[in-house]
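A.B. asks: One letter stands for each residue in the lines below.
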Amino acid sequence: MDLNPNTAQLQSLCAQILDLVEADEAEVSIHDATDLHLRHANNDLTSNSLTSRRLLSLSVSYGLRSASISFQETDPASLREAVTKAQTMAKLAPENPEHMPPVRPAQFADPLAYSETTAAAGPEDALRWVRPVIEAARAAGLESAGYLQKSLATHTLANSSGLFVSQPQSSVGFSMTARTRDGGSGWASTQVTDAAKLDLTPVGERAIRKAQDSRNPTERAPGRTTVLLEPAAVRDLISPLIWSLDRRDFDEGRSFLNALVENGKDPIGHDLFGSANLISDPLFAPAPCFTHSGGEPLTRTEWIKDGVLQHLVTGRFWAKAKGLASQPMPGNFLIPGDGLSTEELIGKIKDGVLVTRLWYLRMVRPESLLYTGLTRDGTFAIRDGEIAGPVKNFRFNESPANVLKQLVASGTPERVLGSESDIPAHVPPLVVDGFHLSSVSDAS
Amino acid sequence: MNRRHWLRATSAAGIALLTSRWGIAEDRALALSELFPGLADAALDRAKALGASFADVHFMQTDEESIFVRETMVQGIDAQSSAGCSVRVLVDGCWGFAASAVINREEILRLTEQAAILAKGQTGWRLRRLEIETLPAHTGKWEMPLEIDPFTISLEDKTADLLTITQTALGKGANFCDAHLFQVRERKWLANSFGTRVQQSRVRLQPAFSVTVLDPKKGGFASRASLLPPRAAGYEHMQNWDAAAESALAVEQARQKLTAPSVTPGKLDLVIAPSNLWLTIHETVGHPTELDRALGYEANFAGTSFCTPDKLDRLRYGSELVTIMGDRTAPGGLASVAWDDDGTATAGKEFPIIERGIFRNFQMALGQAALIGRKESNGCAYADSFDSFPIQRMPNISLQPGPDPAATAASLISGVEDGIYIEGNGSWSIDQQRYNFQFTGQVFHRIRNGKLDGMLRDVAYQGNSVDFWNACDGLGGAATYELGGAFNCGKGQPGQIAAVSHGAVPARFRKINVLNTANESGQKTACFPTHSRDCCCGEARTSWT
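Listed in order, the protein sequences are those of chains D and F.
Everything in the first sequence is counted per this note's numbering, starting at 1 for the first residue and increasing by one.
Everything in the second sequence is counted per this note's numbering, starting at 445 for the first residue and increasing by one.
Since the hints were made in silico from the structure, they are not lab data.
No residue lacks a Cβ here, since even glycine has one placed at the ideal position from N, Cα and C.
Hints are supplied without guarantee of correctness; some may be wrong.
What the hints assert, rightly or not - Examples of chain F residues lying across from chain D (beta carbon under 10 Å, computed):
hint, residue
1, A563
2, G664
3, F881
Required output: the full structure, derived from the provided sequences and hints.
C.D. replies: Below, the structure written as structure tokens:
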């Protein structure tokens, strides 16, 4: 098994599988991935690994009956077994009235999400990147814990309608938490497509500075407060909003959008999100992604423009049933900013809280898209346009829809990691009024 | 399509083929068993030659099947198989690990070399050498006892069972109902340089459903998810469940939620059923007492813990009533195995985490016990995939029954003047040091003057882990003990998922902070907690506990 195949080899493998299929329709996907992980804690590396894997998936259909299997081996006997298994399962499956035929071939933009430099980097490079950051934490007298992941993946899709698309992706992500011995904690992260642009030094410095600044926090009363959400917090709050912009959920009456528009009205075209803008663009160079989703082309899409909802994710079946164009789930998301620095945003806040990062976000109430979660690793009071000192962390109960609606200012976007999803995101810090801090947490 | 139509649509020959298709997995397991001794010896020899003071070799094969049904449609039938091998080495007090889906002599020797490169790359700039204890060598084979192997049940029977659930719900007036069945067989082979050579396999099953009812007059909706937990069990777990009856009850309860009064927030007494309490145990006791977390290994992601080693034998974690045990041997327990992924035998390793309210022990993996003055690991290492580094993961962690064998949920409720009886797990969240939690549930019954008095909605309870367990003043007896659990406990970077069970009895807690989630939303109108894409049923997109 070659885990780093070229496009011709992948095309040949897909053709080999599809040729074996006797069912009416078939779709093959192949996911090849090689990863390098360096993990550290207490200023020493802990668990480090090099891994490689391949997963093939085959879906076959007889009319409206279909089934899928996933497997690894690609020798002729294994491929025959896989096809036989999938076909046997599909023949026995009940008809699914919502079954859709494979997508038709389409033109896909060449993705920007791959870098040869990243592909060529090995474990020695990764150790060289991480070592100075750990040593800086040691020198500062702090405990650091962090994680570097170098990922290479190729995703290939082919079907019996003649579609074939194979796209590579690479990234290096790094995050670090620095902790003082008296309760200070700071976190920072970065993610790049091209390892040549990787610079971990400012990430480490930022985490260390936040840890030092967040020692001995005071307790601030919870309540509805103006918050400055740094980019990591923004991406974790906004991802669930994107997953919830779903046409079928709305049409069936079980979306948070149903409560925002009059019965019988369509949410598209309504001013529901203040002055916010939310975009996806697979070819946005600072945070690119694949240029298709399940064989449907992904293109630049303005989901929310000046607060007005423009699109909803619409699956192929639902689009056909309702006479709409399908709209696949985006592969990344972007929020344009006003270009202000974090310091300039702080300067605009009379009384508020700066939030570095969020944690353990979970849906509480889908009808209002209420999420709960906590702040962590750098929470500071802002008074009269300046940082007034560290405060204890908070639990929040808030809807990401309200976050966009109550957005009053934004800064300069950047690509950061989050704690809840891997979707590439390029977002600015946001100033949000009336954010509901529900209670104080003793966690530091 | 109902069961009768489904049966008509299938042929006996087809069914035979289908039930035997997992025979391929059996053949693969046999082949791996034959390959393992030679490849393991080769890798361990190479590791030694490369300077490893310790090394282990893992093979893992995972076979999964999932079926997803929505209303009257079977929307997904999927089978997955994966297998691979890994080599872990300890060289000069540093770990290195490499894994691959390719299993042959050349590849495993390549992995050994790569693992050594990673370990040696730390030489010269490491602060502390990792030291590990010597574990006893074990040899053997263990297969989890099963009544009915779910991989031998035909797809037609499984699909028909799921369609019975959804059709019952629709017949009772649900607007939407989905149901799914997820089954996993996990096979592992382990050899290490202490001389251990073991092989084991286990099976787990997760059947679940969710119903949703719309409010045609006022708008809005309410949902209710099933309460049956996943289990390390065969298909008997599905067959012993009266799923149709629960489906009908769920529709009725979802409908009641639409008109139930919204809770008045404040300090209320709670009686919590095992179907909700298992998740509270998981978050407020399970995660805080992971030793790697307490030592800072998880500081960058899962977090640290309020429960630090200096609190051993000193912290009053709960009231005198509260004893919580860790084990990897409970029948049906999702974390139950014969050996952990470091090669520690689990039999006889059961341990108290909280004993009569006092914090007694952490969960540990290889190389951690000495850091808190203990002799050896208590068997809590696990790797969720062939390419995952074994880390400390949760064993089954269970609240033990109270002293009164006759105590039940009803008797606990009789001691509450004004409170809530909570069933089923809903939303969950807790801070990175495990102090501040917030949970919802599936069904909230108002308690007035010792009796249930209708349903409430918009309920969440919030508090501090230690305060919460110290507020416990009543527990059900042994007859009320139930095993809850989840497939999807998350931890580590890269993230790993583990299945874990938590036994519990109904328990009563005094003066717990209850929130109104509608108020928290800033909306006073009726809305309802529902089974969401984040919940523990296995439909999760990002979900981990």
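A.B. asks: Next step is simple, just say for each hint if it's right about the structure.
C.D. replies: Verification of the hints:
This hint holds: F:A563 has a C-beta 8 Å from the nearest C-beta of chain D, less than the 10 Å allowed. Hint status for F:G664: holds, given a least beta-carbon distance of 6 Å to chain D, under 10 Å. With 10 Å as the threshold, the beta carbon of F:F881 comes within range of chain D, its nearest partner Cβ sitting at about 9 Å, so the hint holds.
When the structure is compared with the earlier hints, no violation turns up for any of them.
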